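Novice: Chains as they are written, first to last, in our numbering: chain A, 1 to 556; chain B, 1001 to 1103.
Take the hints with a grain of salt, since some may be wrong.
Within a straight-line C-alpha distance of at most 27 angstroms, the following computed DSSO-like cross-link-like pairs (lysine-lysine) qualify [as the list claims (entries may be wrong)]:
#1 A:Lys37 x B:Lys1095
#2 A:Lys37 x A:Lys247
#3 A:Lys37 x A:Lys165
#4 A:Lys80 x B:Lys1095
Pair ranges (Cβ atoms, derived) [claimed, not checked]:
#5 A:Ala223 x B:Gln1053: 47 to 55 angstroms
#6 A:Glu33 x B:Gly1099: 24 to 32 angstroms
#7 A:Asn457 x B:Gly1073: 32 to 40 angstroms
#8 B:Gly1070 x A:Glu24: 40 to 48 angstroms
#9 A:Gly81 x B:His1078: 26 to 34 angstroms
#10 B:Gln1051 x A:Arg242: 29 to 37 angstroms
#11 B:Arg1003 x A:Thr496: 34 to 42 angstroms
#12 A:Thr496 x B:Ile1038: 44 to 52 angstroms
#13 A:Ala475 x B:Ile1038: 17 to 25 angstroms
#14 A:His255 x B:Gly1099: 48 to 56 angstroms
#15 A:Glu24 x B:Gln1053: 18 to 26 angstroms
#16 B:Ile1038 x A:Ala317: 54 to 62 angstroms
#17 B:Gly1099 x A:Gly366: 37 to 45 angstroms
Simulated from the structure, these hints should not be mistaken for laboratory data. These figures come from a predicted structure and were not determined experimentally. Glycine residues also receive a C-beta, built at the ideal position from the N, C-alpha and C atoms.
Spelled out from the first residue to the last, the chains are:
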Amino acid sequence: MYKYTEFDTAFVAERNRQFRAQVERRIDGSLTEDEFKPLRLMNGLYLQLHAYMLRVAVPYGSLDPAKMRQLAYLAERWDKGYGHFTTRTNIQFNWPRLRDVPDMLDALAEVGMHAIQTSGNTIRNITSDHFAGAAADEIEDPRPVAELLRQWSTDHPEFQFLPRKFKIAVIASESDRAVMKSHDIGIRIVERNGTRGYEIWIGGGMGRTPMVAKRLKAFLPRADLLPYLEAILATYNRLGRRDNKYKARVKITVHETGLDEIRELVEAEFPNRRAAFTGIDQAWLDRIDAAFVTPALTSRDPAPYTAARDADPVFRAWTDTNVTPHKHPDHGIVTISLKAHGATPGDASADQMRMVADLAETYGNGDIRVTHAQNLVLPHVALADIPAVHAALRDAGLATGNIGLASDIIACPGMDYCALATARSIPVAQGISNRLEELKIEHDVGHLQIKISGCINACGHHHVGHIGILGLDRAGVENYQITLGGDPSESTAIGTRTGPGFAYDEIVSAVERLILAYLDLREGPDETFLQAYTRLGMAPFKSALYDGQGRAHAAE
Amino acid sequence: MPREFTPKVITANALLEGDVVYLTDDDRWSRDLAEADILTDEADAQYRLLQAQSRSAEVVGAYLADVRSGADGPEPAHFREEFRRTGPSNRFHGKQADGLQQA
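Please model the complete structure; the sequences and the hints are all you need to start from.
Specialist: Okay, structure coming up:
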């Protein structure tokens, strides 16, 4: 894992010193809120519905035990004993007081963390594959490139005032576990004729105008990455719509300008940018690369794992959903669900964070990941140790075996916390997962991704949910629209709206009807919800949702 | 014909704690919606809002929120304001837990 250099440490310390002085000047009246707001947003501090919220960056979702323990410390010392992991693999603290935030940032700096560029019209936290370094199907660990981009984009003077926020993801396999094509720029590390390079995707995004990214370049040589990205960003910086916030994302720029035209502009700008790069970035990437060594995993007899699976059906069921094959055959990738039935998706208590840190230290080679689906991952665990990991997780309330199942729901904070929300999303997730638990059907249902957003900005990724739910305010009442057929994987697709929305007290039953209809309609247990929808289309699901309700849906 | 002015209160978030506050008839900031001054005259409401917005050392983002008159004073007209005066529904935090006197 990358460790801060003296430069990084000094940079973050200086930013924290500046922000501490800015907070003091806000409190003593020297700064107005209009003056202070952009400064606090640059440092990840929002003012939400009930309190301030501090969004801390978790670059490419990677944590180590020391970082995780410090997050637990922040949660207890300055918040209400928990944190909320987000769909950008960041963590949010919901209750900090303004005076305490400089101390929180200093505490983060002690472990090489910060909240810089977690807001504002800048390049945001770079996300990646949460199985990076462990996945059997990856070409290489994509995180060194993500770290290079983090360093390049942090405080980049040209890209501090973009038309709108800008999100980049990096992956290195055919499988897309990072929703890469929903990013402003998606980067896939590829190999051609024995040479590694990058496939560059542009203009993906969710929000009120969801778009799947388009391929801008099929193969970009390694040394050209930063200058090519600068050429893209510079083109966007010039063309992006600053007159209309809703048309300011690069997806709209690409849509309105046309992909070919954008490509020509980028290619025309590229030589100017390339000339400024002397190769020091590549030397630097080599140094970063050296910090991301996959732990030296030794061969371990997996017999205890097999024996535990045979003896304990609960353990067996949990491993079926939460353990993924590792590139090393004696190891597994353990996903820790933060989706206990009825719990808030993505929330972890300070005690749970410390437990995960302990497990990572004892069994997991000190490596922890945050997923965009709001779960945690121990990427390198010997199969022989997984029974002990499971027992410890069970004692901490973290052994829910539902990864990839219907109760593994993404939900944004919604109107329970967020100042932008138009409806609640957390209680809808809680209601659905409780209902699934009552019915005991989710293992039979199998792979099904439900994603819930509490407003059109789509932080809850509803557009790419197999079942997507969007909470809106319709004439002063919460109303929930359903979309079907979204797909967050490498075959990325945007869901289609079913029709009129449902009231808060109807939405859980509506989702239940969809799931029960799928069980009736599928050709067999091997046909997933998404496959059944693709085969059958909207009609039978629409019928399950709306027929026989015997009432008018006024809230179209 | 102009739309009839509906009753409003002035609400904001406290600068230091971020907690929701309401303007009282004696120009204090209260944590309790029941103590809020109900404004029924549009010109008066706009004037009081301008005054409230100038108190930037105390609060952030002052605005007018619709209310209805209830037995115990103003009641939120919209569900967003109901959450603001209560706290989140998934956890017993915020006003519902802390009481109304402190953040």
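Novice: Now tell me if each hint is right for this structure.
Specialist: Hints versus structure:
no.	hint	in the structure
1	A:Lys37 x B:Lys1095	holds (25 angstroms)
2	A:Lys37 x A:Lys247	holds (23 angstroms)
3	A:Lys37 x A:Lys165	holds (16 angstroms)
4	A:Lys80 x B:Lys1095	holds (13 angstroms)
5	A:Ala223 x B:Gln1053: 47 to 55 angstroms	holds (53 angstroms)
6	A:Glu33 x B:Gly1099: 24 to 32 angstroms	holds (27 angstroms)
7	A:Asn457 x B:Gly1073: 32 to 40 angstroms	holds (34 angstroms)
8	B:Gly1070 x A:Glu24: 40 to 48 angstroms	holds (41 angstroms)
9	A:Gly81 x B:His1078: 26 to 34 angstroms	holds (31 angstroms)
10	B:Gln1051 x A:Arg242: 29 to 37 angstroms	holds (34 angstroms)
11	B:Arg1003 x A:Thr496: 34 to 42 angstroms	holds (37 angstroms)
12	A:Thr496 x B:Ile1038: 44 to 52 angstroms	holds (46 angstroms)
13	A:Ala475 x B:Ile1038: 17 to 25 angstroms	holds (23 angstroms)
14	A:His255 x B:Gly1099: 48 to 56 angstroms	holds (51 angstroms)
15	A:Glu24 x B:Gln1053: 18 to 26 angstroms	holds (23 angstroms)
16	B:Ile1038 x A:Ala317: 54 to 62 angstroms	holds (57 angstroms)
17	B:Gly1099 x A:Gly366: 37 to 45 angstroms	holds (43 angstroms)
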